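**Student:** With the hints as constraints, model all of the structure from the sequences given.
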Amino acid sequence: MNTMRVSHRLKRWATAIWQVIGAVNIRAKILGIVLGLVVLMGVAATIEVRLLLDQTLTTQAREHSVAVARDVAARATDLTLMRDYYGLFRLLRDTQANNPDLRYAFVIDSEGAIIAHTFGAGFPAGLYDANIVTSNEHHRSVLLATDEGDVWDTAVPIFDGRAGVARVGLSLAAREQTVAAVTSQLLITTIMAAAIGITAAALLTWILTRPILQLVELTKAVTGGDFSRRAQRWADDEIGALTDALNAMSDALAQAERERAEREQMRAQYVTRIIAAQEEERKRIARELHDSTSQALTSLLIGLRSLADRHRSPDLRRQVDDLRGIVGQVLHDLHALARQLRPSVLDDLGLAAAIQRYVADCRARSGLTIDLAMPDLNGERLDPALETALYRIVQEALTNVIRHAHATTASIVIERRDGRLRAIIEDNGCGFDPAALRGDGDLGLNGIRERAALLNGHLIIESAPGNGTTLYVEFPLLASAEESYACEPYSVGR
Amino acid sequence: MPVNRILLVDDHAVLRAGLRLLLDAQSDLHVVGEAEDSRTAAMQVAALQPDLILLDLSLTNGSGLAAIPSLRAAAPHARILVLTMHDDEGYVRQALAAGAHGYVLKRAADAELIAAIRAVLRGEMYIHPALTRRLLEDLLPQTPPVSPWESLSEREREVLALVARGYTAAEIAAQLNLSPKTVETYRTRGMEKLGLRSRAALVQFALDHNLLTPA
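If you're matching them up, the sequences are chains A and B in order.
Using our numbering, the letters of the first sequence correspond one by one to residues 289 to 782.
Using our numbering, the letters of the second sequence correspond one by one to residues 42 to 256.
Treat the hints as calculated values from the structure; they're not laboratory data.
These numbers were taken from a predicted model, which means no experiment stands behind them.
Just so you know, not all the hints are guaranteed correct.
EDC-like cross-link-like pairs, simulated, lysine to aspartate or glutamate; straight-line CA separation at most 20 angstroms [what the hints assert, rightly or not]: (1) B:K222 x A:E750; (2) B:K234 x A:D659; (3) B:K222 x B:E233; (4) B:K222 x B:D249; (5) B:K222 x A:D721.
**Tutor:** Rendered as structure tokens:
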């Protein structure tokens with residue numbers, strides 16, 4: 289239970305830490321590791337060396353102070369016994385002169401009185417009691433903390449204590465200086481090591497990340513549909529293997545894309561040919577109906593008229609009139625059929641005239657109000673394939689409106705803008721959701737889209753349920769199209 | 042009674058025969074020649090100087106429409122009556138513009154042709170009644186817009202100008218920094234103020250009022 293809670297908490301911490309570490313890039317990670325290690329090593333070594341050095345130097349200083357004190361004690365024996373105070377003073381002064389670290393020295397006689405000392409301005413209070421040596425001890429050292437730093441105070445009995453005690457105080461200032469000097473040296477070394485480490489790490493990350501970043505660029509290009517990019521192989525390692533694999537993938541994708549494009553182009557060519565053949569066939573049949581069949585029927589009509597003119601019999605005239613009625617109706621129907629197949633106006637007079645005629649027929653047939661505006665098409669002829677496509681698109685769109693839209697008004701606008709031809713077919717009918725309309729059974733809109741695409745055009749649908757429908761079909765015009773409309777922004781007049 | 046001399050131009054031999062039979066039966070009409078293409082027709086017209094040319098629009102080598110000016114040049118006093126299958130007003134306009142004096146549909150030839158020939162010979166124009174209506178529609182007054190452009194707000198004018206130029210609602214919204222919904226509102230309100238019912242009517246209005254001039 290308890291271990292579970294601990295492990296849970298550990299896991300949470302690990303997650304939190306990874307969130308921070310994982311978010312930074314590889315360069316920061318490697319630099320962080322190197323810098324951390326160098327600093328950690330440097331600091332640890334400094335602390336270790338300081339401790340060791342401190343210990344060693346302290347011990348050395350103590351031994352030194354014992355040696356000095358014993359020397360003083362040995363040389364002070366006679367002087368103390370002879371009570372040669374001046375000699376003692378000279379001894380202490382000489383000793384101090386020979387040992388720069390010696391802070392002070394003094395001699396206590398067997399009675400416990402201070403008979404010589406190196407303090408010029410009075411003996412410091414409390415120093416006397418700080419280190420009391422007994423006569424059976426060889427020496428006694430005490431570390432004193434004074435205003436001027438640590439001092440080893442060593443007391444050595446003179447003449448086994450019978451002549452008194454010699455005491456010296458050895459300063460540890462040199463020790464502090466040495467430790468500080470070594471520490472700063474170590475720190476400088478650490479900083480230099482860190483600098484070298486950072487440089488090395490930067491170089492390493494550059495070597496590591498450069499091919500990776502290149503691979504990222506490659507995959508981005510592939511995602512964007514550019515299969516032509518290849519990554520350079522930098523080294524024969526795992527990243528090199530990854531580079532090879534990605535390059536091979538790009539090759540395969542490019543190949544597949546090429547094949548797809550070829551198939552698509554072949555399909556488009558095929559459809560274009562089918563449509564062209566269909567239009568050609570319709571045109572041929574319509575012309576045939578017009579030129580041969582209709583002419584023959586017209587001859588029949590005129591012949592019947594001549595027959596009636598030459599005979600006065602009312603019976604015969606009535607019969608001939610009936611026949612003329614029938615022939616006239618057949619002629620009318622044939623004409624309508626030919627126009628449905630392919631209106632000769634489209635070939636003879638062009639798109640505008642053909643659409644005007646078709647719209648007039650639609651008005652008469654459906655009762656729908658249809659407004660038509662073709663401001664930029666003043667009888668001028670366009671590319672025949674474009675004219676046919678636009679005519680069929682308008683036909684299909686109006687058929688849709690009449691069949692499905694439940695509209696009262698439709699509108700057709702054909703305009704030119706920026707070197708493009710745009711047909712806009714609009715109705716005020718029930719509308720639909722264009723987003724919900726994909727795949728089959730979509731009111732012939734796929735046919736319109738397809739026809740537009742074959743001539744590099746495209747279809748835009750704007751509609752919403754209850755809000756009518758607008759189809760925009762846009763085609764690029766050839767470069768020979770009038771310049772006056774090209775790339776000119778239009779402003780509101782007046 | 043003077044006999045009017047007629048030249049038949051049609052690429053259909055049987056029809057020409059029928060027409061000759063019909064016309065020659067009339068005491069005041071006489072067919073003086075036939076031609077089946079525009080080149081022969083021009084030669085015949087120059088040689089025969091007929092009073093009337095009965096012309097089909099689809100000939101073996103090219104359009105009858107294109108032949109009209111040269112026929113007129115060959116015989117300036119001859120009247121030209123078009124007899125054709127085409128019942129599109131576009132052909133009528135072009136034929137009349139080229140110099141024809143009448144336009145008869147073949148499917149009504151039995152009933153109207155002789156009357157039409159006589160009318161044209163009298164110096165009148167004759168056009169098949171069903172086509173006259175379509176031609177005259179242009180002359181009828183269009184439903185007049187009730188309100189002037191200036192009565193619209195600045196925004197409504199901006200939106201309508203772009204609608205008239207054929208921009209999609211989404212494009213207008215992007216260009217004016219509005220939502221498509223707002224664009225739709227401005228458009229509906231502006232169209233109502235102008236008394237227009239559709240984009241095509243708006244385009245026509247803009248053209249009539251010269252509102253869309255290149256900047």
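**Student:** Hint by hint, note whether the structure agrees.
**Tutor:** Hints versus structure:
With a CA separation close to 12 angstroms, the supplied pair B:K222 and A:E750 stays within the 20 angstroms bound. A hinted pair counts as satisfied when its Cα atoms are at most 20 angstroms apart, and B:K234 with A:D659 qualifies at roughly 18 angstroms. With a C-alpha separation of about 17 angstroms, the suggested pair B:K222 and B:E233 falls inside the 20 angstroms cut-off, and the hint holds. This hinted pair does not check out: B:K222 and B:D249 have alpha carbons roughly 28 angstroms apart, beyond 20 angstroms.
Using a Cα cut-off of 20 angstroms, the hinted pair B:K222 and A:D721 holds, with the two alpha carbons roughly 15 angstroms apart.
Violated hint for the displayed structure: number 4, the only one.
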